[in-house]
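Please arrange chains B and C on chain A, whose structure you already have, making use of the hints.
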Amino acid sequence: MSDVAARPAPNLLAKGWVKSGLIFIAVVAAAILGAQFDDSGTLYKVFIDPFQQMVQAPDLLAQTIWEGLVSGVLYALIALGFVLIFKASGVFNFAQGIMVVFAALTLVGLYEKGVPAFLAVILTLGVMFVLAVTIERVVLRPLVNQPDIILFMATFGITYFLIGFGEALFGGSPKQMIADQLWLPKGAIDLKLFGGLVSLQKIDIAAAVIASIMIAALAAFFQYTRIGRALRAVADSHKAALSVGISLNQIWVIVWFTAGIVALITGIMWGARSDVSFALEIVALKALPVLILGGFTSIPGAIVGGLIIGIGEKMGEFYWGPLIGGGIESWLAYFIALGFLLFRPQGLFGDKIIERI
Amino acid sequence: MFYREAGQFKSTYSADMAVFPLRQDRIGIAVILALAFIGVPLIGNDFFISSVMIPFLVFSLAAIGLNILTGYTGLISLGTAAFMGVGAYAAYKLTTAFPGINIIVLVLVSGLFSAAIGVLFGLPSLRIKGFYLAVATLAAQFFLQWAFVRVPWLFNYNASGAIEVPQRTLFGFPITGASASPETRYFVCLVLVVGLTWFASNLVHGKLGRSWMAVRDMDIAAELMGIKLLNAKLTAFAVSSFYAGVAGAMMIFFWYGGGEAADVFNIRLSFNILFMVIIGGLGSLIGSFFGAAFIASLPTILKFGLPALGVPLSGAAAEHVTFMLVGALIITFLIVEPHGLARLWQIGKQKLRTWPFPY
Amino acid sequence: MNVETMNVTGEPLHRDKGEVLLSVDNISLRFGGVKAISDVSFDIRKGEVRAIIGPNGAGKTSMLNCINGFYHPQEGQITYKGVRRAKVKPHQAAADGIARTFQNVALFKGMSTLDNIMTGRTLKMHRNFFWQALRHGPAMTEEIEHRKVVEDIIDFLQIQHIRKLPVGKLPYGLQKRVELGRALAMEPELLLLDEPMAGMNLEEKEDMCRFILDVNNQFGTTIALIEHDMGVVMDLSDRVVVLEYGRKIADGTPDEVKANQKVIDAYLGVAH
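Respectively, the protein sequence lines represent chains A, B and C. Taking this note's numbering, the leading residue of the first sequence gets 112, the next gets one more, and so forth. Taking this note's numbering, the leading residue of the second sequence gets -1, the next gets one more, and so forth. Taking this note's numbering, the leading residue of the third sequence gets -8, the next gets one more, and so forth.
Chain A on its own, in the form it takes in the complex (with noise of 0.2 Å):
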């Protein structure tokens, strides 16, 4: 056991969650008595002022958290991609956002030539598995056995390509989402919560209730299925799964082609509340940050991170934001996460992450 013993990975401080929240109790202390002498408000402002806003109305703040949670779904959707990749195949999928945004291209571009909705989701069902066959027969299987970095940065061009096409095919302009046709709810319900008013769009409901239906799914298709075994097999050790018969290849199509599935499901229900166009392209880029909070292999943390991401970077824009200009959404998700990893290098979920010598 000694030879290979795992060194724990440095912690900057022993203990940090006591630690964190010792500082993170010191830090409010300070600020409330800070606010006792600040004379321009800033920390009144920072510390003080957004929590009493919760307080006092608590229906914006519900309205607030939903819609964090609804963009937390979207983004969990995203990484969710990102995790089945990661865990089969050790690639970290550049290209996941933008094949959300090929599919959803695909289906409304499939729709416009005439093509009945539900045939063109099967359609672009099929697009996306030679996609996925592409993939692995002009990417993957040539760079097998390459570091991980440089499969990373074969995704960045697998990225760039599927922009040019896409645009080449269907035009950089933003496009409808066909949410009528596929029958996906519209419009929006009224709740009377704390004697206000919260306003809960049903395309949302939808978009969260079919997210966990699919991951109900993919659980037990990882569970309960031969492949899923083999999958489970090949996120393990890709040498060991090749030795007792699993075929990579076969693996790996499947993966992305699971992967695809994602993207187009992600793609309907992200274009359906926006339109479809290239812009989603850097909010995609927000899974990132999910990432590190969830950890690269864990798909719950992949939903958890997703939501805390959600919610995070909405109340912040919502209460703080206004603080320091506005627009801050671009940036807190990754400071979210940049936070937490000094407390917690593999994410919430992550494996442990172990050096050898």
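Check each hint, because a few of them may be wrong.
[Unchecked claim] Only pairs whose alpha carbons sit at most 20 Å apart, straight line, appear in this in silico EDC-like list of lysine to aspartate or glutamate:
no. : chain 1 : residue 1 : chain 2 : residue 2
1   : B       : LYS301    : A       : GLU278
2   : A       : LYS350    : A       : ASP259
3   : C       : LYS100    : B       : GLU181
4   : B       : LYS8      : C       : ASP16
5   : C       : LYS100    : A       : ASP259
6   : C       : LYS26     : C       : GLU10
7   : B       : LYS8      : C       : GLU136
8   : C       : LYS37     : C       : ASP87
9   : C       : LYS115    : C       : GLU142
10  : C       : LYS160    : B       : ASP215
11  : C       : LYS78     : C       : ASP16
12  : C       : LYS249    : C       : ASP229
13  : A       : LYS198    : A       : ASP291
14  : B       : LYS8      : C       : ASP146
[Said to hold, decoys possible] Where chain A lies over chain B, by a calculated footprint (3+ residues, C-beta under 8 Å):
no. : region
15  : 115 to 128
16  : 139 to 147
17  : 158 to 165
18  : 325 to 335
None of these hints come from the bench; they were simulated from the model. As the structure is a prediction and not an experimental result, all values here were calculated from the model. Every residue gets a Cβ at the ideal spot worked out from N, C-alpha and C, and that includes glycine.
Positioned in the frame of chain A, the structure of chains B and C alone reads:
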């Protein structure tokens, strides 16, 4: 036949340790420098100098910066453009605050500001590695890009929100602003790039460069050699961001001549510079130049070259094809030659050395 | 653990060795619930070749990792050159004159043999950043001065022909030799060798043995050695410590250890 090392004996270690130990290489470099300093300004027209050569120089410098971080030290950064932006805004603030100081000095000083910011965002690199670090550098990219728009102090509360490059002179010649000729701007860029490349080459061939590469190849062993990981990584971040910052300042002052800088230093630019480094060759300074030339000239070649060959191509289509080509080329390079154009160059030289015999 | 150890006091060693350079006192190292090392004590004297042997998983490499600061044991203490060390960092251990090689070759694969060995000189080079950026004057003088030292090591290890080749493509035996060279370039007082002969053929082993003995004799370097080849261990070492399941089961001269019943049981197995 002409490229042989036969008969060139080295009798001192300093001769053996020279960056270009072969006489033919030294002649080659002299020819290239002569071409750059004399040939290009004589032959090239204004369009060629200001739209091809200056961008090439700026991108080369930025690529060298990223190569020091990613290629030599093994830390991926997706935030190069943001560090370039820091340089540009620092130079702008400095030159408006101290109009009397020469702009070239200020451009170099603004690199120091960029280096400081780079070190700040490099701090997490001690705790996190690989992909995690790549994501952390995205924090720098998005935060700084946000700051360029939202902090009006940075652009002196202009109504336009853009950097307005004032006219600055060197020996009485205008080198920035509307009346600066492309040739003078080109000369300034060339001198800066050649000088900084020489420094970079010295660094990577010395103790610091070896420490960086040791950290890249096997960080645990490097630590047991007495290399402090934090120091090595932070110096890499500092030097890399310095180069990026100077490149960013050059980009705004000598190339764009002002404009909406916040839009320029976006994540696409970060990616593009990363591609230059990959295609050029990780861990190779000359590769940075190859990569910059390749990525920077590809859109222009497609836009003007293909129609000239009789292939009709609209502007938008050219852009799409550029994207597809860049993507495909990255994959091709990673498969065929992960070490990029620089390795092909080396193989070529090796072939030339033994030519006309196969080995 | 009340482990019976062999008494070495009063036993004349076959080479006369000096005072204690490093002493390990009651070290215990745990990873979560797993005990890698429990309550091990031994010392290394100046100028000797000290072997650490034991079956796979006995805690030998962990012991080296503790000595050069890569792991920090939960209990016990390590005294080096008379100074008790608190949590020492690997680079501090290196600065104190502890060098090592690795079980699995840990060379800098992208660099040439020369550059690999030059990194061993890092701690001895002091020119600052700005001189390095110029690479002239003092910085160049310093480079040349250290290059001379490195060339001596290259001559000593007879690897002149691979000086400028990238180490990643060298055969295994040569890589191990380059790694030894890199450690020697640090001019260590204590050299930790983790299975320097693993995976070598007989001829390469003989070469490596010769190098180790030469290092010990010519430079007076103290050597701690992990090795599985018992013939090598018995020939090279002055004293041997034997670990099994993280515990020390024997300590003494090669002959004493060879005769120890516990050691024989550990290696051959014993019916319980």
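Verification of the hints:
{"no.": "1", "hint": "B:LYS301 / A:GLU278", "result": "17 Å, holds"}
{"no.": "2", "hint": "A:LYS350 / A:ASP259", "result": "15 Å, holds"}
{"no.": "3", "hint": "C:LYS100 / B:GLU181", "result": "44 Å, violated"}
{"no.": "4", "hint": "B:LYS8 / C:ASP16", "result": "53 Å, violated"}
{"no.": "5", "hint": "C:LYS100 / A:ASP259", "result": "16 Å, holds"}
{"no.": "6", "hint": "C:LYS26 / C:GLU10", "result": "31 Å, violated"}
{"no.": "7", "hint": "B:LYS8 / C:GLU136", "result": "17 Å, holds"}
{"no.": "8", "hint": "C:LYS37 / C:ASP87", "result": "15 Å, holds"}
{"no.": "9", "hint": "C:LYS115 / C:GLU142", "result": "16 Å, holds"}
{"no.": "10", "hint": "C:LYS160 / B:ASP215", "result": "14 Å, holds"}
{"no.": "11", "hint": "C:LYS78 / C:ASP16", "result": "15 Å, holds"}
{"no.": "12", "hint": "C:LYS249 / C:ASP229", "result": "13 Å, holds"}
{"no.": "13", "hint": "A:LYS198 / A:ASP291", "result": "35 Å, violated"}
{"no.": "14", "hint": "B:LYS8 / C:ASP146", "result": "18 Å, holds"}
{"no.": "15", "hint": "115 to 128", "result": "holds (count 4)"}
{"no.": "16", "hint": "139 to 147", "result": "holds (count 5)"}
{"no.": "17", "hint": "158 to 165", "result": "violated (count 0)"}
{"no.": "18", "hint": "325 to 335", "result": "holds (count 7)"}
In the structure shown, a violation is registered for the earlier hints numbered 3, 4, 6, 13, 17, in ascending order.
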